[in-house]
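Asks: Hey, can you work out the whole structure from these sequences and the hints?
Chains A and B, in that order, are what the protein sequence lines are. Using my numbering, read the first sequence as starting at 2 and increasing by one per residue. Using my numbering, read the second sequence as starting at 6 and increasing by one per residue.
These are computed hints drawn from the structure, not numbers from a lab. Careful, some of the hints might be misleading.
[What the hints assert, rightly or not] Partner residues are not named here, just some residues of chain B that face chain A (Cβ under 8 Å, in silico):
1) L279
2) E328
3) V339
Computed from a predicted structure; not experimentally measured. For every residue, glycine included, the Cβ atom is placed at its ideal position computed from N, Cα and C.
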Amino acid sequence: MNKLFSRRTWCIVAGLVLLAALLPACNLAFPPGHTLHVPDYLIGLTGKFMCYALAALALDLVWGYTGILSLGHGLFFALGGYAHGMYLMRAIGHDGVYQSALPDFMVFLDWKEFPWYWAMTDSFWYCLALVVLVPGALAFVFGYFAFRSRIKGVYFSIITQALTYACMLLFFRNDTGFGGNNGFTDFKRILGYSITAPGTKAVLYLATLACLVGALLLCRWIVTSRLGRVLQAVRDSEARLMFIGYNPLWFKLFVWTLSAVLCAVAGALYVPQVGIINPSEMSPANSIEMVVWVAVGGRGTLLGAILGAFTVNGLKSWFTAAFPDLWLFALGLLFILVTLLMQKGMLGLRLPRRAQRAPAPKQELEEVA
Amino acid sequence: MMYSAVRRLLAGMAFCLLAGAAQAAIAPALLQPLAGDDPDARVAAVAAIGALGTPEAAAVLRALKDESLYLTPDGQVVGVAPAAAPEGAAAIVVNNRLRAAVEAALSGMDLLAPEPAQRLAAARALVGQELSAGQLELAQRALKTEQNAEVRPALQLLLALASLQSPQAGERAAAARQVGELGGSAQRPALQAMLEQVTSAPDEAVRLAVTDALKAIDARQARTELVGNLFYGVSLASVLLLAALGLAITFGLMGIINMAHGELLMIGAYTTYLVQSLFRHYLPQAVDLYLLAALPAAFAGAALVGMALERSVIRWLYGRPLETLLATWGISLVLMQTVRTLFGAQNVEVANPAWMSGGVTVLGSLVLPYNRIAIIVFAVLVTAGVWLLLNGTRLGLFVRAVMQNRRMAGCVGVPTGRIDMLTFGLGSGIAGLGGVALSQLGNVGPDLGQSYIIDSFMVVVLGGVGQLAGTVIAALGLGEVNKLLEPVTGAVLAKIAILAFIIIFIQRRPQGLFAVKGRSVE
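Replies: Below is the structure:
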């Protein structure tokens, strides 16, 4: 366990986790107006950012360590959200606008019963299984065919983008059965507890924190293991790895599927905290924005992905409130500056020399005759 | 005012002359009942006058309709202009029933009008109406003398429809066959109704004829739809091609993942808007020509932006395609927001010039809009131009040399850096031209580029990088498949199906339709 991080990093991580865990405690323990009271919106915001950080972590695993740039992780995020959202919609019960057992959007479409894929979604645990299984299965099948055909580099990026775009169009249809462009919203309760109660929010927040820390340790364990070495070899020179005798297919497939599942978990935690999920989460722009979180923090560092997610989203919250017109300029310039000047991201600026010697991801020049 | 007064005066004078002639040509026995009290006799008289089909008869009926036909005190019916009504004469009053009869008679007489367009309009207007005996007789007379290739089938259809109810079975069958030959979907209900009547009183020949006719109509309808879908497929293909052609150069030849390509299209479209505004302001008399001026302007605008991007950002990222992708995405965000700041977030209005609005009608009912035809022609021209430029000029030679073997090209003295800039500029400029075309078909807004970027990449990747012909064929294929699927599955599912198809296709053939043969391991 001690080998995962240096002593100093352990201290920093532990300190940050403790600080994060204290936030909801301060929110509940002190009344509003007290100096130590943490406002509700800060809990919601931090919880949301932690979900983003988990998604960024998943992306860093495939991009930073394996060299597979996915422009479709927003799809897995949204699928996880939808899977959990199905349970939350069922949990509304008869308290919807139309007082029906069916969700409002189905009543609106004049549907009389649930479609087959909504079967058993009133069970929380079944939906949790869906959160893992559906994006996992999709990623596995898609990845199997893509990696077997040795699609890599930008081609892989472009077809992942096409995949999420196609799914977005699919989910925008009302007839698909997921609420069309309004998606799922208006949740009332989760496991019998009111979803707006401060206690429920604190539990969701802590669950997110636990998932984030668990995922960080898991990813760190993977990349420091022998498996992680092979992954980095895939990134640095896949052809050489094949000549040595490895078949990269299963290594890539494993890490790709795991990353998709982590991203789906992030989405599943995101939905009850934000209270809405709709197909715009699948838009190609969202997936690319995830990539910039990783790039800003420093790819191939895991901690950098988390840092990047917090930094970029913090900036976004501030900009969209203070200068709404300037946010896209700032985001665009961030993309350009990070790729041109700060290839190792924020952590690249501050890390000690030992870590900087770690091989930087490097793309081979593709021969296009 | 002056003009209309003069016209009325002239019409009145002409009518006086005609009225004299009419009385000469039309027997008073025919005119007299018009002034009578018996409504049935009046209607019969109108029908009888209409059946004459002469210009004089038409003049009398028009006068009756305008209530300028008079009954003189001595019992004579005369038609004159109101101003010149004879002393003591009373206008003949027209009630609704009589007016309908007059109009029916007049529309029948239009079948004999001197202008083919008027005859055609009259024939088409009568299709689907119940024909009176007078109208029928006029139509038969008109068919005998009709020579016009457009009017003749319309008249034939009219008569065939009329004899569908004929008491003789042979006539009914022949009429049904003719309706099947000439009619469209509008005639389907009439035939269908007949089929139901006939089955109750079976007549095998008529039933067969009607079924055949229905089949013929359906087949023709399906053919028209197919041709329509094919045309719209080609049209969509031309749009895709124009959107993707620039990318075929920057991505296909140079290997640069330019996610800002869509925004270069947008710049082309906004340049068109600017040129249009300039023309409206300074050259309102030549506003229809703004499109011709927009072409070079859009090419230059997009090419300059593209070259600036290449020099300032992209050239530092050669050999790092994933970073290029991210940086150009950032550029696209900045360009989009810039346009939003300058022109507002709303769509701007770009109008088709007059010579591009409207369309040509083929196969009876299919309208092919001129703007789509113009864009198909434009896409062909631009593709030919790019092909010539790459394969027939010194610049094209240099471009191909640098892309095939940069070091070798540099060694023999090709300025590779400048060629990079010019090639990227060329690709961007072509995107600008594509933007002009897009502005003529859809909305021009800051998000214009976003909706085309994925499609463009799909076209280039499907066609195989580095292949102009592959891009053309991929665009045609995608356009056609999309439009042929749409009636079956609906637009959204067709698009999803196509994306899924491309994703699967690329798994099978990662190098695209037309692979460049090479020995590289990658």
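Asks: Each of the hints needs a verdict: does it hold here or not?
Replies: Each hint, compared with the structure:
1. L279: violated, 22 Å
2. E328: Holds - the Cβ of B:E328 comes within 8 Å of chain A, reaching about 4 Å at its closest.
3. V339: holds, 4 Å
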